[in-house]
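Peer 1: Residue numbers (the numbering used here), protein chains in the order written: chain A, 1 to 268; chain B, 1001 to 1269.
Derived from the structure by calculation, the hints contain no laboratory data. Heads up, some of the hints might be wrong.
[What the hints assert, rightly or not] In silico lysine to aspartate or glutamate, EDC-like type, Cα no more than 20 Å apart, as pairs:
1) B:1101 - B:1183
2) B:1101 - B:1211
3) B:1187 - B:1211
4) A:265 - B:1213
5) A:228 - A:71
6) B:1101 - B:1112
7) B:1101 - A:165
8) A:265 - B:1177
9) B:1101 - B:1193
10) B:1101 - A:170
11) B:1101 - B:1127
12) B:1101 - A:167
13) B:1187 - B:1199
14) A:228 - A:112
15) B:1187 - B:1177
[Stated by the list, open to error] Far from chain B by the CB rule (all over 10 Å, computed), these chain A residues:
16) 49
17) 65
18) 107
19) 108
20) 113
21) 138
22) 171
23) 176
24) 186
25) 200
26) 232
27) 261
By construction, the Cβ of each residue, glycine as well, lies at the ideal position given by its N, Cα and C atoms.
For reference, the chains in residue letters:
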Amino acid sequence: MSDPAAVIEAAPPRAARLPDSIWSVQAWRVGLIAVLLLAWELAAGRLFDDFWSSRPSEIAERIWQMAMSGELSRHTWATISEAGLGLFFGALIGTPLGIALARGPRVARVVDPVIMGLYGLPRVALAPLFILWFGIGLTAKVMMALSMVLFVFLLNAAEGVRGIDPDMIDLMRTMRAGRWYMLRRVWLPAIVPWLIASARIGVGLSLIGAVVGELIGANRGLGWYVNKSGGQIDTTGAFAGLVVLMVIAVIANQAIILVEGRLLKWRR
Amino acid sequence: MAPLDLAKNWGGAPSTTPKVALRDLHVAFTLADGGSLPAVGGVSLSVAPNEFVVLVGPSGCGKSTILRAIAGLVEPARGEVLVDGTSVAGPPEGVGFMFQKDTLLPWLTVGENISVGLELGGTPVADRPARMAALLSLLRLDEFGNHHPAQLSGGMRQRASLGRMLAYRPALMLMDEPFGALDALTKLAMGRELLRVWEAERRAILFVTHDIEEAVALADRVIVFSPRPARIVAEHRIDIPRPRDIRRLRTDPAFGALTQAIWTDLEGH
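Based on the sequences and whatever the hints tell you, model everything.
Peer 2: Structure representation (structure tokens):
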């Protein structure tokens, strides 16, 4: 079976002098980020005009103000629910479709051009239509996020099922395992690594979907806030929105890594 | 040893019916270019409900295909496969299968893999823990019930695989070079364990190997096949008394004569 998560997990050999302990790695990470922020802070206003670049201290202050006024939670919550629901329903619809396609090769061959056509379509371009169809509320953004992640889950689930050892399936067949038993014991567990890999990619994609939806038509959300700030030539505001989006992506990714560690114990 | 109760009564035929009967079995595979490749070329064979039959033949001669046909995994091109007197269409009841590789479900522990056999074999929920414990101890896997297959050696994985098959309590065991990938010592130990289990409660076994000594050590009857497409070229009844001590057999003159005879049959084709 080819191995999606292995690609992500494969790290280059560690240089001998870098410390091994997980805490040291964390310390180095924090150190790197601190250095980058410090460089930005010092360079802003000296090497380039801080009107265009803002500076970390101002961005932090803005985020603090937004948190105090309740604006931060309102926009963050809006974007997270759009992206989260899109991701959830994308997985919920894409995964069974993927399994079904892998199990029915004849149907798969017929629908393949349709799927690849929709997959190849830049889904960002669907945003105006979705706003027309679903309005400027939550639904349009959820649909945007969903359209971004659906095919990732579908194609990965199908690939995962195709990668299962046929002898393993034959063996289960000789014991006359039923359809649901196979789904529970074989198909689903076999594609868990693929679903986790999909979720990792999906976090970023669903945020893109939600934000693009907010850029086109919305009255809240981090994308809307970035867009609005840009319109008012408020670079600090735009950066504040971007920073919060980045933090969401990082936290979501860490959460997935945690789940992965629990679900994929058997691979070690 | 406590009674193993290895095979449940799957119902059906009286014991006078052969467990397996092949009537002029032909199997062919369809090639990518539309042509057809004959794998089994007319095999007739009958296996009694408590008989240990070993199929030997050159690699790739179609022995495995015969097992797959009996398990209902491939369809005959011509002829017929009967299990318990009933023509096979799809996997029949009460058939256990074992491949050369372990085919354990890697996401389940050894215990959970054995549970698959218990569940699909219809063992009542209340009896499962006791049977699981009995099987783990029978296969000397007591301490490994919570390990995943990736943490075990090849021999232990095959033992777990055997455990899953026994948990299913098959009345017919189809074993396709089950110990073929193991080193000589482990192979010998696995053969001994299989005999120990089978001699305690006899069931029909069809066992494929290309190791002639293994064949003679285990079998009631050895069937020798030609190169592909498989046809029967000779048949040897192995009258070495049971229980057999596999390690001592090599010095037995009857053992030597039989392996020699089978070698000759194989080389003649």
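Peer 1: Should the label of residue 49 of chain A as a non-interface residue stand, given a Cβ cut-off of 10 Å to chain B?
Peer 2: Given that every Cβ of chain B is farther than 10 Å from that of residue 49 of chain A, nearest at about 56 Å, it holds.
Peer 1: Given the hinted pair residue 228 of chain A and residue 71 of chain A, is their Cα-Cα distance within 20 Å?
Peer 2: 13 Å, holds
Peer 1: In terms of Cβ atoms, is chain B entirely out of 10 Å range of residue 108 of chain A?
Peer 2: Per Cβ check, residue 108 of chain A is outside 10 Å of chain B; nearest 18 Å; holds.
Peer 1: Hinted pair, alpha-carbon criterion (20 Å max): residue 1187 of chain B, residue 1211 of chain B. Please report holds or violated.
Peer 2: 11 Å, holds
Peer 1: Given the hint that residue 228 of chain A pairs with residue 112 of chain A, test it: the Cα-Cα distance must not exceed 20 Å.
Peer 2: Not satisfied, since the Cα-Cα distance of roughly 41 Å exceeds 20 Å.
Peer 1: Sort out whether residue 1177 of chain B lies within 20 Å of residue 1187 of chain B, counting only the CA atoms.
Peer 2: 11 Å, holds
Peer 1: Sort out whether residue 167 of chain A lies within 20 Å of residue 1101 of chain B, counting only the CA atoms.
Peer 2: 9 Å, holds
Peer 1: Take a quick look at whether residue 1101 of chain B and residue 1193 of chain B sit within 20 Å of each other, Cα to Cα.
Peer 2: 18 Å, holds
Peer 1: Is the hinted pair residue 265 of chain A and residue 1177 of chain B satisfied, with a Cα-Cα distance of at most 20 Å?
Peer 2: Violated. Residue 265 of chain A to residue 1177 of chain B sits at ~30 Å, over the 20 Å cutoff.
Peer 1: Beyond 10 Å on every Cβ pair: is that true for residue 232 of chain A relative to chain B?
Peer 2: Residue 232 of chain A is indeed farther than 10 Å from all Cβ atoms of chain B, at 53 Å.
Peer 1: Holds or violated: residue 265 of chain A with residue 1213 of chain B, Cα cutoff 20 Å?
Peer 2: 41 Å, violated
Peer 1: Verify that the Cβ of residue 65 of chain A lies farther than 10 Å from every Cβ atom of chain B, and report whether the claim holds or is violated.
Peer 2: At roughly 49 Å from the nearest Cβ of chain B, residue 65 of chain A sits farther out than 10 Å, so the non-interface label holds.
Consistency note: the structure conflicts with the earlier hints numbered 4, 8, 11, 14, 22, 23, 24.
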